[in-house]
Amino acid sequence: MTAYIIRRILWNIPVLILVGFITFGIAKLTPGGPFDTQPERRQLSPRVEAILRERFGMDLPFWRQFTRYMFFDVMRDPRSGEWKIQWGAIAGNLGPTYTSRGARTVQQELFEGTPSRPSKFYYSARLGLQALAFAVVFGIPLGVMAALRQNTWLDYLLSLSSTIFVALGTLITSLILVIVFAVILNWFTVIPDWSDPVKPWVLPTVALGSTSMAFIARLTRASVLEVKRQDYIRTAQAKGLSDQVVIWRHMLKNALLPVVTVLGPALAGLITGTLFVETIFQVPGMGRTFVDAIGKRDYSMIMAGSLIYVFFLGIANLLVDIAYGVLDPRISYK
Amino acid sequence: MTSSAKSLTNPIDLQTLNTKPRSLWSDALSRLLRNRAAVVGLIVIVFYIIVAVAAPWLAPYNPVQQIPNNSLRPPAWVTDNPARMGVPEHLLGTDTLGRDVLSRLIYAIRVSLIVGVVPQVAILFIGVTIGLISGFAGGWLDNLLMRFTEIVAAFPDLLFIIALSTAFRETWLGRTFNGLLLIFVAVSLVSWTGIARLVRGQVLSLKEKEFVEAARTIGVPTLAILWRHILPNTLAPIIVSTSFSIPALISTEAVLTILGVGMRPSLDPDNPFPTSLGVMLTEGYNNLSSGPWLLSFPVILIAGLMLSFTFLGDGLRDALDPRER
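Taken in order, these protein sequences are the chains called D and C.
Its first residue numbered 1, the first sequence is counted upward by one per residue in this note's numbering.
Its first residue numbered 1001, the second sequence is counted upward by one per residue in this note's numbering.
Read the hints as simulated data drawn from the structure, not as lab findings.
For every residue, glycine included, the Cβ atom is placed at its ideal position computed from N, Cα and C.
No false leads were slipped in.
Listed next, with one range per pair, are the computed distances between beta-carbon atoms:
(1) C/Gly1138 with D/Thr67: 34 to 40 Å
(2) C/Ser1289 with D/Pro141: 33 to 39 Å
(3) D/Ala3 with C/Ile1050: 56 to 62 Å
(4) C/Val1039 with D/Asp292: 43 to 49 Å
(5) D/Trp248 with C/Ile1239: 37 to 43 Å
(6) D/Glu54 with C/Thr1171: 24 to 30 Å
(7) D/Ser242 with C/Asn1286: 53 to 59 Å
(8) C/Ile1050 with D/Pro115: 54 to 60 Å
(9) D/Asp292 with C/Ile1050: 36 to 42 Å
(10) C/Arg1147 with D/Gly113: 36 to 42 Å
(11) D/Glu54 with C/Arg1147: 36 to 42 Å
(12) C/Ser1289 with D/Pro115: 29 to 35 Å
Build out the structure end to end from the sequences listed, making use of the hints.
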């Protein structure tokens, strides 16, 4: 098991490097540069631009720019003249942002916040975790309910609505929620007021979580139905255990195992879903920042965006795998 | 008379003559037609296709024609505001520029269907090719291709598509066909992994089957084995996954357009593909407070499209894989 986990973690390293390489390649191949994409800002004089290019190392060969960003670079301090090592993304240094002309780093931009003005990461992470909690807390009981009352109207209703939610996907669900709850019923404002701790979070959380919820409910139902037919359930019922004990102690314990596997894809959906859910509900999170960064050719922010997303996807999948191995003693990882 | 009397004398002949052979496909079709949700889905899809093809004859106005003093009219049945009344000439109202919403919707369906189908063809081509080679060749080639697939799949699809669409937006690629060509390329480059894995899995089990071995022993060339014997047997899961993939593609276009890196709406009255459902969603979302119908109608249409394909896909899966039941 430990060996398996270590190997999985190690496999993430080449994936991250390759993803970084591909992203870097696309970003650099893109026509235009970071200093000419905002015509409304004061344009740089050629001298300043030359200094900035020098500072960001934009005139270095491609491979060296890449290794400087991802790993480290040895450079000379312009004032003291000493040689020093500048660490890159592997040490958590995600580089200076180009839009701030190097004044702020990506990690400051994304992770730094005050209690009154939380960081962008806080908004995205909170939205994602809330959506996951929503999906699990509602999805599993709904699936169990549908399975226990198989072939009743409740089962049909739940199955139909979960099919519909999965089919519509996050985008259309978000827009329907906006139309119904913000425009027709007027319960929420279209432009959110983030000083309120609850209200602006409701719609984006439901929108982001609903597809995963439907997915989880559907799988839970199938899995409970499978377990319901097993011999040991009949044995438990035959020896006179109450329905409650059979359901909670015998049925759910085994039925919920396959549900853990679906959490991986669900998490992936949640993580990429934040990209446009944040736009639709105007959440000041990371997703919008990354999309904007691509337009502004902010190379460091673009790199940080794909590395952060792939990093969290890798961790999510690893956690799901480990959870599965811990919960199901029949599974042994080699 | 004579022929039936003749066959009566031979009961074996009677059986072989009068029972039509039932293939997998005709069996599946009859199972599909018994599934009510799938039939409804199929009918709705056919309806959408007819609308898309017949758009120039169905649309009451040119979809980009701006009618002066006619902007932001609500649908015809909304008559509670005397300053802005719905009129029967514009059944579903007009948008901020005074363009007829119904006509725009009709043309938008056309583009959205193309967006669902064209990249899917490319995805199938790449995915099936890699899956076939990987599964049939085995060994180091299989290993290499599957590692490659794994890395492409590890990349967050949407992020990659957004990056590509933004990066090449101002090049010739990003201008061709209102920016749709770029979307097609970007989507096809990342979305083939599912099909490749699916086909590889099928090929791995099929190539051990007796009929493939038989074909090989009588000297059928490898390519012919792949094309004539293995590929047809992988068709059923490919068809099912296609019917789930098309709505996903339509939704991807909408996501990209809402983020500002998707299709560019055209203002050219002669353009046969001026707008898409994604463009209409974006315009509707941006004018949410002044004209909520601008968002509602495209949402209804796109939802109908996605539900129909999903119901059809569910039906196809049940029909093509009877073991499931």
